[in-house]
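Colleague: Single-letter residue listing:
Protein chains: 2
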Amino acid sequence: MPSSDPIATLLETYHDLNPSVVEEFPHQNEEPSPLEFLRYVSRNRPCVFRGAAKRWPALQKWDARFLRDAMRGRKVRVAVTPAGNADAVVEQATGELVFTEPHEIEESFEDFLDDVQNDSSATPPNKAKARNVKYAQTQNNNLPTEYSPLTPDLPPTLPFARIALNQSAEEGPEALNFWLGNARSTTALHKDNYENLYVAVRGRKHFVLLAPVEMACVNEGRVRRGRFVRDCASSSFSSSGAGAVDDDHGSETLKVEIDKDGEPLPVPLWDPDDPLKHTTPYSHLAQPLRVTLYEGDMLYLPAMWYHKVTQSVGDEGFACAVNYWYDMAFDSAFWASNCFLRDVVEAGRQRVVYPELDLAGEEEGGT
Amino acid sequence: MPSSDPIATLLETYHDLNPSVVEEFPHQNEEPSPLEFLRYVSRNRPCVFRGAAKRWPALQKWDARFLRDAMRGRKVRVAVTPAGNADAVVEQATGELVFTEPHEIEESFEDFLDDVQNDSSATPPNKAKARNVKYAQTQNNNLPTEYSPLTPDLPPTLPFARIALNQSAEEGPEALNFWLGNARSTTALHKDNYENLYVAVRGRKHFVLLAPVEMACVNEGRVRRGRFVRDCASSSFSSSGAGAVDDDHGSETLKVEIDKDGEPLPVPLWDPDDPLKHTTPYSHLAQPLRVTLYEGDMLYLPAMWYHKVTQSVGDEGFACAVNYWYDMAFDSAFWASNCFLRDVVEAGRQRVVYPELDLAGEEEGGT
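Just so you know, the sequences run in chain order A and B. Count the first sequence with UniProt numbering and you get residues 1 to 367, in order. Count the second sequence with UniProt numbering and you get residues 1 to 367, in order.
Because the hints were derived from the structure by calculation, they are not lab data. No false leads were slipped in.
Quick list of the computed label-pair ranges, beta carbon to beta carbon:
{"hint": "1", "chain 1": "A", "residue 1": "148", "chain 2": "B", "residue 2": "57", "range": "57 to 63 Å"}
{"hint": "2", "chain 1": "B", "residue 1": "279", "chain 2": "A", "residue 2": "77", "range": "53 to 59 Å"}
{"hint": "3", "chain 1": "A", "residue 1": "24", "chain 2": "B", "residue 2": "170", "range": "23 to 29 Å"}
{"hint": "4", "chain 1": "B", "residue 1": "166", "chain 2": "A", "residue 2": "167", "range": "21 to 27 Å"}
{"hint": "5", "chain 1": "B", "residue 1": "327", "chain 2": "A", "residue 2": "24", "range": "19 to 25 Å"}
{"hint": "6", "chain 1": "A", "residue 1": "169", "chain 2": "B", "residue 2": "174", "range": "34 to 40 Å"}
{"hint": "7", "chain 1": "A", "residue 1": "148", "chain 2": "B", "residue 2": "141", "range": "55 to 61 Å"}
{"hint": "8", "chain 1": "B", "residue 1": "350", "chain 2": "A", "residue 2": "151", "range": "54 to 60 Å"}
{"hint": "9", "chain 1": "A", "residue 1": "106", "chain 2": "B", "residue 2": "26", "range": "47 to 53 Å"}
{"hint": "10", "chain 1": "B", "residue 1": "5", "chain 2": "A", "residue 2": "118", "range": "53 to 59 Å"}
{"hint": "11", "chain 1": "B", "residue 1": "5", "chain 2": "A", "residue 2": "284", "range": "27 to 33 Å"}
Selected chain A positions facing chain B (in silico; Cβ < 7 Å):
{"hint": "12", "residue": "38"}
{"hint": "13", "residue": "42"}
{"hint": "14", "residue": "337"}
{"hint": "15", "residue": "344"}
Positions of the beta carbon are idealized from the N, C-alpha and C atoms, including for glycine.
Isolated chain A (complex conformation) (with noise of 0.2 Å):
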């Protein structure tokens, strides 16, 4: 019999269907061949290979002080949020929900690494809460280019997902980021259209995840665009001038500047770990699966999968990770099947704000 709700339906037959956890692939310290793969990706399923990665020699060779030497002098560009929140949905104080890119500076990686070790050893541990949050986070292909120095550590792309996803030897991932922050950083939960694999370098690195079906629980609603600023007027070193303020990005103030000409994004407003807030009448039925990567683990995060991440550092007070982005299939139902869902939702959406407006309307016609 057909439902009366097909979204509450297909997010129930999901769970019915689908394992409950993020799976582990069943040989520890290995790769997938290209076959056992294609059979995660086939599924849009996410995997964990436990230790995948343990003996490439990043692994083996990313303490602070060979990155410190391998990047000496080196520049590169460091996310600076006041709460560790690149990215993310920020609450004006009107209320208004703002999609709020960080605050961009270059600074040379010592230094930049430096703030970070501080910051996680600062005593006690809440003086940190004072300054502001530095992530390296450029998902720009940064590797190969502001990371440079450290390419001969990692394979240049992965051959069993490069097989698995029929794509030539020539040419390579779509994107290959390193990312370096602290405990303090958070990743809002999004989602990429690529076929994401995932490693942890040092520290941890914590996933929430959430499968493509699961759009309806995640509220996408549509907010303005901004992006955090340097807040001249308040920041305690305003009268100091801009000098003093390239010196320590860490204890300026920083404001929300709205992108006022810019488009609304349709952006996940519902967080799960804060799950009674910007709720939709379908967010009680996700499922988030949760999953830890160690240090030469490796995740496979199938593409369009809302991810949040976090991070605990590792013995030097930082943690490191690297991913690789491989182009997603667009052919097939899966992309089209994606879109049909997010128009069924939308849809939904209207109904529920305008129905006396809709209802006028029709009776009108009728008149």
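Assemble the complex: chain A is given as a structure, and chain B must be docked to it using the hints.
Modeller: Chain B only, in chain A's frame:
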């Protein structure tokens, strides 16, 4: 921007992103590797492997004489229909559409094959039209049972498929079926929840295929179930008793007996070869794919694809084929998304059928 008609947009997006032909495997006379095959399964897209079964003993041995010898003395189950339309929607005099199963008889394979061949060679051809159509089409793993003498000429399972689909060597396919008939038989548009590998052994098989997302085009109406039965009253053999009827099912008159207690069944009412009849508001957006299998060709017919199959006879006046059914994966989002589409389509149909009733109900509630 969200679409005002999500179903129409789904169809357009799917067709924009996928080829409008059945892909041909680039290596003639070869089976795919498990990895190559899984790429098609993963995308739920059909593919034809030309000549992949060419070297099977069945392709070399199965002429009429060999089949008669191998099957000598064995009885087989045969579908008998007035117009070759087994498991098809039949329009009654009242206008009612009924999903009609064939009249099923058991007879010796030799008699059955004689009938099929004679029917093909009837001159003038329209002389055959007065006769009922016979088709061996029991899709219940009939090869290892009814047709067991023929199994040595076929691989018991297809290793590339078994490995890709992650089945153990002991399991085998869910069913291995044998089909024999002539050009007068048609298998009406329907779908199966199996991954299907279909091989033409003698004659040609003509497939019309529609993707699962084209559900809204095929008009899956709920109709009552029926079965062709002997019409004793009007049969030309009615006075000569049951014995005579048993001797020649070719000439007896069949009528539809409706199962009055059964649940109505959802069946595609739209026929891609008669596209202006039994349409839905979406039928014109269908893009049926067409492919012909020649002797030794293999078709991958993905799970849940709608297919209509007709056939042309080979040199000896019969067409013969085999197919392997493997279990489809019900996890991932594929099955759940199909159910979701069905629910949305069904909700749309109900809105189309009773718009005034719905509105009246809402108005009453408001006063």
